[in-house]
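J.: Here is how the chains run, residue by residue.
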Amino acid sequence: MRGGPASGPAVPSHERIEQETIEIVRRLIRRPVALGPDSELMADLGFDSLQVLELVGELEDHFNIAVPLNGLTHIRTVSQIAAEVARLVNAPEPLA
Amino acid sequence: MSESTLFAALEQAACSGRSIRVLEQIDQPLVLPYETLRREALVLGGALRARGLEPGARVALILPDVADFIRAFFGIAAAGLVPVPLFPPAQAGDLPTFTRQSGHILDASRASAVLTSGDIAPLLDVSGASSAACILTLDALRDGPALSAAVAVTSDRTALIQFTSGSTAAPKGVMLTHGNIEANTAAIRHNLNVRPDDVGVSWLPLYHDMGLIGMLMTAVYSTANLVITSPVQFLKRPTIWLEAISKYRGTISFAPNFAYALCLRRVKPSQLAGLDLSSWRVAGCGAEPVRAETLRAFADHFASTGFRRSVFVPSYGLAEHCLAVTFATGLKVDVVDRAVLGRESRAIPVVNGSPSVTVVSCGRPVANHDVRIVDDEGHPLPERHVGRIVTRGPSVMAGYFENAGATAETLRDGWLHTGDLGYMTEGELFVCGRTKDLIIRQGRKYHPPDLESAIADVQGVRPSGVVVFGITSFNESDTVVAVLEARASSPVEDIAEHVRRRVRETAGLEIDQVIVTPPGTIPRTTSGKVRRSETRARFEAGTLVAGDRGP
Numbered sequence: 001m002r003g004g005p006a007s008g009p010a011v012p013s014h015e016r017i018e019q020e021t022i023e024i025v026r027r028l029i030r031r032p033v034a035l036g037p038d039s040e041l042m043a044d045l046g047f048d049s050l051q052v053l054e055l056v057g058e059l060e061d062h063f064n065i066a067v068p069l070n071g072l073t074h075i076r077t078v079s080q081i082a083a084e085v086a087r088l089v090n091a092p093e094p095l096a
Numbered sequence: 001m002s003e004s005t006l007f008a009a010l011e012q013a014a015c016s017g018r019s020i021r022v023l024e025q026i027d028q029p030l031v032l033p034y035e036t037l038r039r040e041a042l043v044l045g046g047a048l049r050a051r052g053l054e055p056g057a058r059v060a061l062i063l064p065d066v067a068d069f070i071r072a073f074f075g076i077a078a079a080g081l082v083p084v085p086l087f088p089p090a091q092a093g094d095l096p097t098f099t100r101q102s103g104h105i106l107d108a109s110r111a112s113a114v115l116t117s118g119d120i121a122p123l124l125d126v127s128g129a130s131s132a133a134c135i136l137t138l139d140a141l142r143d144g145p146a147l148s149a150a151v152a153v154t155s156d157r158t159a160l161i162q163f164t165s166g167s168t169a170a171p172k173g174v175m176l177t178h179g180n181i182e183a184n185t186a187a188i189r190h191n192l193n194v195r196p197d198d199v200g201v202s203w204l205p206l207y208h209d210m211g212l213i214g215m216l217m218t219a220v221y222s223t224a225n226l227v228i229t230s231p232v233q234f235l236k237r238p239t240i241w242l243e244a245i246s247k248y249r250g251t252i253s254f255a256p257n258f259a260y261a262l263c264l265r266r267v268k269p270s271q272l273a274g275l276d277l278s279s280w281r282v283a284g285c286g287a288e289p290v291r292a293e294t295l296r297a298f299a300d301h302f303a304s305t306g307f308r309r310s311v312f313v314p315s316y317g318l319a320e321h322c323l324a325v326t327f328a329t330g331l332k333v334d335v336v337d338r339a340v341l342g343r344e345s346r347a348i349p350v351v352n353g354s355p356s357v358t359v360v361s362c363g364r365p366v367a368n369h370d371v372r373i374v375d376d377e378g379h380p381l382p383e384r385h386v387g388r389i390v391t392r393g394p395s396v397m398a399g400y401f402e403n404a405g406a407t408a409e410t411l412r413d414g415w416l417h418t419g420d421l422g423y424m425t426e427g428e429l430f431v432c433g434r435t436k437d438l439i440i441r442q443g444r445k446y447h448p449p450d451l452e453s454a455i456a457d458v459q460g461v462r463p464s465g466v467v468v469f470g471i472t473s474f475n476e477s478d479t480v481v482a483v484l485e486a487r488a489s490s491p492v493e494d495i496a497e498h499v500r501r502r503v504r505e506t507a508g509l510e511i512d513q514v515i516v517t518p519p520g521t522i523p524r525t526t527s528g529k530v531r532r533s534e535t536r537a538r539f540e541a542g543t544l545v546a547g548d549r550g551p
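Protein chains in written order, with the numbering used here: chain B, 1 to 96; chain R, 1 to 551.
Derived from the structure by calculation, the hints contain no laboratory data. Treat the hints loosely; a few may be bogus.
What the hints assert, rightly or not - Quick list of the computed label-pair ranges, beta carbon to beta carbon:
# : chain 1 : residue 1 : chain 2 : residue 2 : range
1 : B       : Pro68     : R       : Glu409    : 22 to 32 Å
2 : B       : Ser13     : R       : Ser310    : 51 to 61 Å
3 : R       : Pro463    : B       : Pro37     : 22 to 32 Å
4 : B       : Pro37     : R       : Arg343    : 46 to 56 Å
5 : R       : Cys134    : B       : Pro68     : 54 to 64 Å
6 : R       : Asp413    : B       : Arg26     : 41 to 51 Å
To be verified - From chain B, some residues computed to sit far from chain R (all C-beta separations above 10 Å):
#  : residue
7  : Glu18
8  : Ile22
9  : Ile24
10 : Arg26
11 : Asp44
12 : Gln51
13 : Glu60
14 : Pro68
15 : His74
16 : Ser79
17 : Ala83
18 : Val89
19 : Asn90
Said to hold, decoys possible - Simulated pairs of lysine to aspartate or glutamate, DMTMM-like, Cα-Cα distance not exceeding 20 Å:
#  : chain 1 : residue 1 : chain 2 : residue 2
20 : R       : Lys247    : R       : Glu288
21 : R       : Lys332    : R       : Glu383
22 : R       : Lys529    : R       : Asp457
23 : R       : Lys268    : B       : Asp38
24 : R       : Lys247    : R       : Asp276
25 : R       : Lys529    : R       : Asp276
26 : R       : Lys529    : R       : Asp437
27 : R       : Lys268    : B       : Glu15
28 : R       : Lys268    : B       : Asp61
All C-beta atoms, glycine included, are put in the ideal place defined by N, C-alpha and C.
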């Protein structure tokens, strides 16, 4: 079974989604910093709101999901983002 | 004779048969004919009146959905109410900031109601910020009963209250009359030669002056087509802006400097092939300092798409002036002597390779408006002397809402004191900074952005995380404070000393206090720019570093 973009019937596991989310976050960090599931986007990784939206765009493309407009308001850490992605992958809201 | 009001402008646009197209995806626009908007506005306006809201009452709008914002805005106008646009919550992790700032603005505007979406309404309830205002969702207002005609208002009444972004402690609400908006859109149309067959393209937030007045209102008053998407869509995928111009043959589009820089970084070479930007005849740039190198690089990068450098329109404006003050035609720069600028506040063209500063021309005042440069006492200054930018004309706001003190400070003898610094030469305006942020030490003036960019180069400093400000004390020189975010990964010893030395070497200024903080400490705007005055306020209150987390 393959992970990767959620095409076809194979739904990636939660661990797989978290791992891929971390990889995408890593690509967007402009400097090398320690990065793990508990890293906070803004406080630890220094993301500004522009980078957060860049991340959302990348996640949407990679996992073929649509993150609702205010879907991330409560989210602070990488693992919280991954959990939200997993929720959307498993129960996708219809793409507009 | 009918008064020139927001709703009258919509009625005129409705007769044109033209539309606003709202893009979620590039190929699936939601078409909102002006005629449909007019009809929906009467329904929404009727529903608001039926809830007991009396003409002149303020109604706050928190609607991230572009179509909903436009519907609600004109519905409020149809009912003779006063819209107060607020910014919606940021995407991630900043809920406390949203509830705090919304609360401040709802209090300051004494809004009778908040018009919002079903998913944001609970966030407001939790905060308790909106205790005085009733919370209404757009869905609850779709049944009217429809007004037979808009509530009549005269053009000298307040049409809109615009709260300037980033102000938290005591936000000021800019009161604009229907006459102000008519005057500024007329000036924009005249100077940019806007015709009904122009096509505006915008992703700018509608809760800011450039998006609301510059794009939406100008399109409505010109009865022109407008293609619009949200800032969130643009920031996620900047290409959508250029794709929209390409696909819908956009002719006029404005954006801040950073948006042009973002396109340079994020639009991939493979995406250039499908773009045709040859229809773009006004590429406006404003709302923050215009950088020549960004615009030149953009023109080079997108040359293959038919984009022409000559279409850049650097511009200057502010909410207190409705929006537009000056427009340039093309990118024109002035390269001036840095030392003379700092020492004598004069902008003298540089000779024989002395250190220099490049300033972009923001062009000439729009029709029927005047711009002057004055000294601290209000006396006009000669050409090429840096001073306070003041403006006069029919676009100047009525005042700040219920804030006579701030109004009297800003509107003096018929002139609007912009708080910005600049100089003029041959009728063109060059903007140099803001008076509020100016640091004065031993009679010498320092511009924080200059000091910040010097510090940004110091090893171990996050370049986007530097703020410098002065603390003014009576009869003494300013105390200069630098707050910087250190890179978490590569700590540098004695970083404060390196910073002091760099500023000493580049500006000849001694910094009194260097505050080294972890990433994420410095408050930022929704677009990621550092907020200098908020940083200073937190520093003075002692709450800057004691925030949620240590390093």
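J.: Would you mind marking each hint as holding or not holding in the structure?
T.: So, going through the hints one by one against the coordinates:
1. B:Pro68 with R:Glu409: 22 to 32 Å: 43 Å, violated
2. B:Ser13 with R:Ser310: 51 to 61 Å: 55 Å, holds
3. R:Pro463 with B:Pro37: 22 to 32 Å: 27 Å, holds
4. B:Pro37 with R:Arg343: 46 to 56 Å: Holds, at about 54 Å.
5. R:Cys134 with B:Pro68: 54 to 64 Å: Because 25 Å falls outside the window, the suggested range is violated.
6. R:Asp413 with B:Arg26: 41 to 51 Å: 58 Å, violated
7. Glu18: Per Cβ check, Glu18 of chain B is outside 10 Å of chain R; nearest 17 Å; holds.
8. Ile22: Label holds. Min Cβ-Cβ 16 Å, cutoff 10 Å.
9. Ile24: Answer for Ile24 of chain B: holds, closest chain R Cβ roughly 13 Å.
10. Arg26: 13 Å, holds
11. Asp44: Its Cβ does come within 10 Å of chain R, the nearest being 7 Å, so this is violated.
12. Gln51: With a cut-off of 10 Å, Gln51 of chain B comes too close to chain R, as the shortest Cβ separation is near 7 Å.
13. Glu60: 7 Å, violated
14. Pro68: 8 Å, violated
15. His74: About 6 Å separates His74 of chain B from the closest Cβ of chain R, which leaves it inside 10 Å; violated.
16. Ser79: 13 Å, holds
17. Ala83: About 13 Å separates Ala83 of chain B from the closest Cβ of chain R, which puts it past 10 Å; holds.
18. Val89: At about 18 Å from chain R, Val89 of chain B clears the 10 Å cut-off, so the statement holds.
19. Asn90: Given a closest Cβ separation of 21 Å, the condition holds.
20. R:Lys247 with R:Glu288: Status violated; Cα separation ~28 Å.
21. R:Lys332 with R:Glu383: 17 Å, holds
22. R:Lys529 with R:Asp457: 17 Å, holds
23. R:Lys268 with B:Asp38: Given pair Lys268 of chain R, Asp38 of chain B is violated - Cα atoms ~31 Å apart, limit 20 Å.
24. R:Lys247 with R:Asp276: Given that 20 Å is the threshold and the Cα spacing comes to 8 Å, the pair holds.
25. R:Lys529 with R:Asp276: 31 Å, violated
26. R:Lys529 with R:Asp437: 15 Å, holds
27. R:Lys268 with B:Glu15: 31 Å, violated
28. R:Lys268 with B:Asp61: 15 Å, holds
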